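Here's the letter readout for the chains.
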Amino acid sequence: DRVTVFAAASLKTALDEAAAGFEAETGHEVVLSFAGSSVLARQIGLGAPADLFVSANEDWMDSLADGGHIVETSRRDLLSNRLVLVGPSGQKPGDMARALAGNTGRVAMALVDAVPAGIYGKAALTELGLWNLVAPRVAQTDNVRAALALVATGTAPLGIVYATDALAEPQVSVIAIFPDDSHPPIRYPAALISGRDTEAARDLLNYLSDTEAQGVFARHGFLPVGD
Amino acid sequence: MKLAVALHQPLGALALDVAFTAPPGVTVLFGRSGSGKTTVVNAVAGLLKPARGRIALGEHVLQDSDRGIWLPAHRRRLGYVFQDARLFPHLSVHQNLLYGRRFAPRGAQPEPEARVIEMLGIGPLLDRRPGALSGGERQRVALGRALLSAPRAILADEPLAALDEARKAEILPYFERLRDEVAIPILYVSHSAAEVARLATTVVVLQDGRVIRQGTTEDVLSDPSVTPLGARAAGAILSARVIAHHHDGLTELDAGGARLLLPRTLHPIGTPLRLRIAAQEVIVSRARPEGLSALNILPGTVEQIRSGDGPGALVSIRTKAGTVLARITRRSAAALALSEGVDCHAVIKSVAIAPEDIGR
Amino acid sequence: MKLAVALHQPLGALALDVAFTAPPGVTVLFGRSGSGKTTVVNAVAGLLKPARGRIALGEHVLQDSDRGIWLPAHRRRLGYVFQDARLFPHLSVHQNLLYGRRFAPRGAQPEPEARVIEMLGIGPLLDRRPGALSGGERQRVALGRALLSAPRAILADEPLAALDEARKAEILPYFERLRDEVAIPILYVSHSAAEVARLATTVVVLQDGRVIRQGTTEDVLSDPSVTPLGARAAGAILSARVIAHHHDGLTELDAGGARLLLPRTLHPIGTPLRLRIAAQEVIVSRARPEGLSALNILPGTVEQIRSGDGPGALVSIRTKAGTVLARITRRSAAALALSEGVDCHAVIKSVAIAPEDIGR
Amino acid sequence: MAVLGPEEWQAVALSLKVSTWATVLSLPLAVLAAHALARWRFPGRALLNGLVHLPLIMPPVVTGYVLLIVFGPAGPLGRALQSIGVVLAFNWTGAALAAAVMGFPLMVRAIRLSIEAVDPRLEQAAATLGASRMWVFLTVTLPLILPGLVAGAILGFAKAMGEFGATITFVSNIPGQTQTIPSAIYAFLQVPGGETAAARLVALSIALALGALLLSETVARRAARRVGGQ
Amino acid sequence: MAVLGPEEWQAVALSLKVSTWATVLSLPLAVLAAHALARWRFPGRALLNGLVHLPLIMPPVVTGYVLLIVFGPAGPLGRALQSIGVVLAFNWTGAALAAAVMGFPLMVRAIRLSIEAVDPRLEQAAATLGASRMWVFLTVTLPLILPGLVAGAILGFAKAMGEFGATITFVSNIPGQTQTIPSAIYAFLQVPGGETAAARLVALSIALALGALLLSETVARRAARRVGGQ
Ligand SMILES: Nc1ncnc2c1ncn2[C@@H]1O[C@H](COP(=O)(O)OP(=O)(O)OP(=O)(O)O)[C@@H](O)[C@H]1O
Ligand SMILES: Nc1ncnc2c1ncn2[C@@H]1O[C@H](COP(=O)(O)OP(=O)(O)OP(=O)(O)O)[C@@H](O)[C@H]1O
Ligand code: MOO
Ligand SMILES: [Mg+2]
Ligand SMILES: [Mg+2]
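Sequences listed follow chains A, B, C, D and E, in order. If you count by our numbering, then the first sequence holds residues 1 to 227, one letter each, in order. If you count by our numbering, then the second sequence holds residues 1 to 360, one letter each, in order. If you count by our numbering, then the third sequence holds residues 1 to 360, one letter each, in order. If you count by our numbering, then the fourth sequence holds residues 1 to 230, one letter each, in order. If you count by our numbering, then the fifth sequence holds residues 1 to 230, one letter each, in order.
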């Protein structure tokens with residue numbers, strides 16, 4: 001059978017690998033569609049044929065739940081992640097506030113009101129009292145990977161992305177890690193879509209919560225939930 | 001079947017206001033540039049909707065503004081030959097010719113294709129594209145295309161105006177054959193007196209949107225008061241018949257018992273011809289002149305002398321061949337003491353009868 | 001200053017291969033459609049780059065393929081008057097007229113603007129757009145535009161061909177004035193014998209891309225062996241002078257001592273005129289004819305008789321007024337026993353001298 | 001060019017299918033709209049003109065969103081179509097619709113210009129020969145605008161090959177189903193190190209579109225020559 | 001239409017500025033390219049034609065990405081420009097560049113068609129009157145193509161007003177600096193409940209672009225009448 005998964009852009013590399021493992025093990029076919037969680041949630045709300053949705057934050061999953069679009073019972077938090085401040089590769093680790101204040105260049109972020117990575121980032125900066133300093137310099141992109149690309153190409157000297165993104169992109173270096181308590185916990189909730197909860201989709205969801213897949217995610221830098 | 005036209009249409013500064021009837025044969029609409037000829041023809045064709053009017057072809061009403069009747073162009077079944085041919089560039093000559101056929105009503109009897117192609121001499125062109133035709137060939141094809149659409153009348157708006165003399169001479173005979181062989185009215189716009197003389201059975205003279213004269217060709221063209229074309233257009237039409245071709249390249253004609261010689265024509269013996277003798281080419285003599293190079297000397301009687309403001313006078317001379325017009329100076333008329341009833345001779349050079357003035 | 005042209009250029013089936021010289025005055029390039037006239041003019045103008053050639057205006061070399069010289073059109077300073085006017089539609093008449101001025105070199109002395117406008121009678125048109133001009137007005141403006149660019153020569157490619165007779169008559173006098181008042185060579189393409197007669201000082205006859213005859217207008221037009229236009233174009237040019245205007249509307253001319261009468265012209269007494277007498281309008285008589293309506297009877301001697309395949313013969317008659325050509329039938333020539341040296345009379349109707357055949 | 005992976009081939013095949021259908025199906029409508037804009041005088045002409053141009057003016061994402069709202073499973077037209085078995089949203093058919101809508105103004109403009117260049121006197125001549133409006137259009141106007149038609153169609157095709165914003169919004173980016181070349185490129189650009197794969201696809205899509213463009217110029221020139229005579 | 005917030009007004013003002021500059025600056029280049037394509041025969045003509053069309057064919061995101069690589073602070077041209085004080089990345093100037101690039105093919109096509117419609121015999125006439133190639137172009141060709149030029153410019157302007165993919169990729173989405181109307185619409189669409197604000201902006205941007213379009217048709221018609229005579 002075929003399972004169609006809509007997943008947050010930040011999961012791209014890792015989920016590709018995990019899904020391949022599932023396919024090899026079960027013989028099911030997995031079709032993956034990645035984009036910003038916001039775009040995906042909206043499309044699912046309008047009837048997109050996804051069987052399984054993995055969001056990068058709780059809010060978008062909540063909004064689908066409010067519309068009755070997901071199978072509430074299947075919902076579970078799959079992964080966690082951390083938020084980091086990155087610069088071009090070779091940049092030395094340092095103090096977050098000093099790095100942000102010491103550089104007048106742009107700070108690349110995903111859309112701060114819409115895309116999870118941006119929402120987390122804005123929350124963290126606010127918590128750290130840095131938002132007012134940074135806000136005028138933020139360059140927003142339509143998803144977190146686009147923000148990563150801005151730093152990787154040298155366009156922006158700073159960027160706020162997930163730790164997993166920073167790990168995947170050799171052109172960037174982590175300057176500082178945002179304290180876990182500076183933002184709401186990063187969660188990747190997953191749920192089956194109402195009316196499409198097939199056996200295969202359920203199997204995949206279970207597989208992704210299981211040790212083998214979790215190992216794959218860990219290798220890509222994701223953290224288990226509850227960490 | 002005749003075409004009856006009555007129109008009223010304001011046209012810029014001009015108000016077009018015409019009424020005339022075109023019997024079978026060629027009716028030439030004649031008049032200066034801007035006198036409204038094209039507008040009339042377009043109204044008849046249905047390409048233009050005149051403010052008021054009644055246009056009927058026999059019983060068949062094409063427009064009657066009083067009764068709210070107005071047929072669109074494609075339902076009028078009139079074959080329109082435009083000045084600029086307007087062949088379809090994407091179709092071969094043959095496809096152009098057949099274009100109208102599919103729209104002809106089931107009952108219609110178009111001219112047989114083979115006959116039209118033969119009559120117009122366009123057989124060798126059938127596979128060519130219009131782009132590769134000469135101007136004369138193009139107009140012949142346009143004429144054929146109109147004929148093959150099974151029209152109930154033919155409209156032709158200066159079909160020869162864009163052509164040089166050689167091309168004109170090439171096409172005029174086809175219109176003559178059309179007039180003589182196809183029994184539908186032909187409305188033909190022209191401002192060439194030679195064309196009128198060769199083709200017209202009826203002439204309608206337009207001036208500033210009004211019909212100022214309407215009648216047979218002979219009447220209208222020999223009427224010196226009709227000068228839409230200036231005095232130089234005046235001339236008489238003679239009917240004649242070929243009686244011999246001579247060895248020295250001359251053709252002999254009989255015109256009402258009088259003999260005329262002109263440069264050889266290709267018409268076989270017995271062919272009836274119409275000749276236009278331009279008034280300014282005719283010399284008048286009281287006595288029969290001797291020892292002149294001019295070969296045609298027609299004895300006759302002065303019928304009328306008209307003179308206007310200029311130095312010229314127009315003399316009508318009744319001869320056996322018909323009435324001949326001569327444009328001479330007033331001084332000569334006085335010197336020769338010409339007056340009505342006087343006997344005289346009309347002297348006409350053979351070579352002065354231009355090839356385009358000889359028709360069937 | 002004269003324009004010397006020598007060109008070689010393959011042209012489709014034709015190979016253009018001409019050499020001629022145009023002295024000041026009007027040189028008419030004369031020949032059938034397709035003989036290469038436009039190609040020659042375009043090569044002179046620099047709109048076309050002939051394969052080989054040398055074109056020079058006085059000392060000024062425009063092209064010399066041997067020395068690798070080729071000036072682009074905009075550096076040749078030749079005023080080109082096109083058949084289709086080609087006025088700039090986005091500029092007013094006045095702006096059109098001034099267009100070339102800004103490109104004229106500092107030293108150049110263009111005709112004074114006021115003089116050109118007056119000469120061409122286009123003063124009232126200055127603020128109009130070309131779209132609102134008649135064909136005749138348009139050509140006058142085009143001529144003015146060319147003149148005001150301070151050209152070293154004028155090129156005109158059938159500038160009157162697209163016009164009707166009335167418009168032609170309107171413009172020809174301007175070219176005459178140009179010829180008489182502006183001292184630069186004018187290369188003029190035409191296939192109208194009347195235009196040639198009125199304008200040309202030199203005629204170059206082209207046929208199939210070659211110059212077949214070149215000489216003064218009188219020589220070329222009265223040479224019956226030059227028939228690019230057919231026998232009907234043959235005619236003689238007479239030089240005459242206005243000596244009186246008569247009350248009955250006739251104008252009297254003196255031509256080498258002979259007197260000629262023609263319908264009144266507007267030229268003042270003393271004006272020198274050139275008349276073209278078409279050969280086919282002339283009647284020949286051995287004895288002096290009496291009692292004819294024709295007013296002009298010139299005694300003379302037969303100089304030459306040429307006849308071809310057709311029924312006609314071309315007789316040159318030497319008269320006091322100059323050589324007159326008469327086209328008569330071979331039959332008449334025989335009947336009158338015409339041969340070289342025989343005395344005879346040329347009979348010419350006054351009204352047969354067409355207004356467009358009278359020029360200065 | 002390196003060999004493409006199976007997923008990339010899928011994208012290429014899908015893009016070709018989507019663009020072809022988009023072009024073929026919208027062409028008649030484009031001809032109709034172009035004809036109306038070029039030749040008819042009717043109230044609402046300016047409005048029609050604006051409507052036709054809308055997709056050119058609106059951000060593609062908005063166009064896609066509008067399509068989603070109208071043709072989505074919950075949309076008014078979407079539900080009607082679904083009841084007769086036609087599913088557009090999140091389907092390749094929807095990608096074709098999005099591509100067609102986005103390419104429409106370009107097609108109409110090209111065709112309109114070529115219609116305006118047709119000599120109305122030829123159409124009059126056809127009418128005098130008995131052809132009704134419809135027949136005049138089919139037998140005279142249409143053959144004469146062929147070059148413009150081809151140019152317009154290929155331009156629309158090229159645009160369809162590159163359409164992204166409306167497509168990804170309306171039908172999402174599902175490999176093998178709605179992932180066209182541009183969506184695939186977008187996906188690759190999201191992956192660090194995906195530039196090479198993206199560049200491969202970019203090169204391929206450019207080659208395809210340029211090929212089409214070149215073809216269009218050739219065909220248009222040939223058709224123009226054919227119409228011009230000889 | 002409800003009143004817009006200050007951020008939305010900023011987006012509108014910015015979009016107008018960006019589109020105007022994009023149009024004004026790319027117009028001369030578009031005329032040049034159109035002239036070359038319409039009138040000159042040179043090797044590489046097909047290549048130039050393809051290059052001009054590229055932005056039409058490539059997904060806008062890719063175009064933006066290419067711009068980023070070439071004109072970004074680390075890009076070859078970007079560094080050169082920066083050294084003379086021109087900053088494109090994250091600047092409204094970069095948005096103008098992206099809009100200009102995306103609208104370029106549309107402009108060129110419109111202008112090219114109008115150049116092809118200019119009678120070369122008028123240009124020849126100007127040459128015989130002493131005008132060099134350059135002057136012929138300035139005094140004859142240019143005035144005659146004015147209608148097409150205006151149409152092309154306004155089409156480019158309309159396209160610029162709607163450009164999104166290349167813009168957000170190249171210059172990101174910075175309110176007041178690079179957040180054009182389309183970027184603002186996109187941002188609104190991403191936020192739950194943002195549809196109303198987005199719809200407001202969509203309506204405004206459509207009104208602006210349609211106004212421009214209407215203007216272009218009027219201006220073009222008037223210019224055509226002026227050139228046609230009377
Ligand atoms: N659509 C129009 N609006 C205003 N005036 C017009 C229109 N069409 C023609 N005219 C004018 O009506 C008059 C008659 O024009 P028409 O074309 O019928 O003349 P014509 O006799 O055919 O002339 P020609 O011999 O030059 O072809 C002219 O003065 C012309 O300028
Ligand atoms: N570009 C060309 N390629 C091939 N043949 C050409 C070209 N231009 C002209 N010709 C041919 O060269 C010949 C001379 O043409 P040209 O236009 O010079 O004649 P013309 O004497 O001016 O004729 P017309 O009196 O009809 O204007 C014609 O046979 C024409 O078909
Ligand atoms: O992975 Mo996201 O939805 O771009 O923050
Ligand atoms: Mg007319
Ligand atoms: Mg010529």
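Think of the hints as simulated: they come from the structure by calculation, not from any bench. Remember, it's a predicted structure, so these values are computed and weren't measured experimentally. All C-beta atoms, glycine included, are put in the ideal place defined by N, C-alpha and C. One or more hints might be untrue.
Ranges of calculated distance between the beta carbons of each label pair, as one might list FRET restraints [what the hints assert, rightly or not]:
1. C:D343 - B:S239: 38 to 44 Å
2. B:G34 - C:S239: 36 to 42 Å
3. C:P112 - B:G291: 35 to 41 Å
4. A:A24 - E:L32: 54 to 60 Å
5. D:L215 - C:P112: 57 to 63 Å
6. D:L48 - A:G90: 56 to 62 Å
7. E:G85 - A:G94: 52 to 58 Å
8. C:D219 - B:D248: 44 to 50 Å
9. E:M134 - B:G34: 50 to 56 Å
10. C:R52 - D:A13: 57 to 63 Å
11. C:R52 - E:G85: 52 to 58 Å
The calculated EDC-like cross-link candidates involving lysine to aspartate or glutamate, where the alpha carbons are at most 20 Å apart (straight line), are [to be verified]:
12. B:K49 - D:E217
13. B:K320 - B:E340
14. C:K49 - E:E123
15. B:K2 - B:E59
16. B:K168 - B:E118
17. C:K2 - C:D127
Evaluation of the provided hints:
Checking the proposed 38 to 44 Å range against D343 of chain C and S239 of chain B shows it holds: the Cβ atoms sit about 40 Å from each other. Range check, G34 of chain B to S239 of chain C: about 39 Å between beta-carbon atoms, so the 36 to 42 Å window is met. Remark: the range hint 35 to 41 Å for P112 of chain C to G291 of chain B is contradicted by a beta-carbon distance near 58 Å. One distance hint, 54 to 60 Å for the beta-carbon pair A24 of chain A and L32 of chain E, holds here, with the actual separation near 58 Å.
Taking 57 to 63 Å as the suggested C-beta distance range, the pair L215 of chain D and P112 of chain C conforms, at roughly 59 Å. In this structure, L48 of chain D and G90 of chain A meet the distance hint of 56 to 62 Å, their C-beta atoms being roughly 58 Å apart. Evaluation of the 52 to 58 Å hint for G85 of chain E and G94 of chain A yields a failure: the beta carbon distance comes to about 30 Å. Checked against the given bound of 44 to 50 Å, the beta carbons of D219 of chain C and D248 of chain B, roughly 30 Å apart, lie outside it.
Here the CB-CB span from M134 of chain E to G34 of chain B is close to 42 Å, at odds with the stated 50 to 56 Å. One distance hint, 57 to 63 Å for the beta-carbon pair R52 of chain C and A13 of chain D, holds here, with the actual separation near 59 Å. At roughly 57 Å, the beta-carbon separation of R52 of chain C and G85 of chain E lies within the given 52 to 58 Å, and the hint holds. Distance check on the hinted pair: K49 of chain B and E217 of chain D sit about 41 Å apart at the alpha-carbon level, beyond 20 Å; violated.
Annotation: proposed proximity of K320 of chain B to E340 of chain B holds, straight-line Cα distance about 17 Å (limit 20 Å). Under the criterion of a C-alpha separation no larger than 20 Å, the hint pairing K49 of chain C with E123 of chain E is consistent with the structure, at around 17 Å. The straight-line distance between the Cα atoms of K2 of chain B and E59 of chain B is roughly 9 Å, inside the 20 Å bound, and the hint therefore holds. Using a Cα cut-off of 20 Å, the hinted pair K168 of chain B and E118 of chain B holds, with the two alpha carbons roughly 19 Å apart.
A threshold of 20 Å between alpha carbons decides the hint, and for K2 of chain C with D127 of chain C the separation of about 36 Å lies outside it, so the pair is violated.
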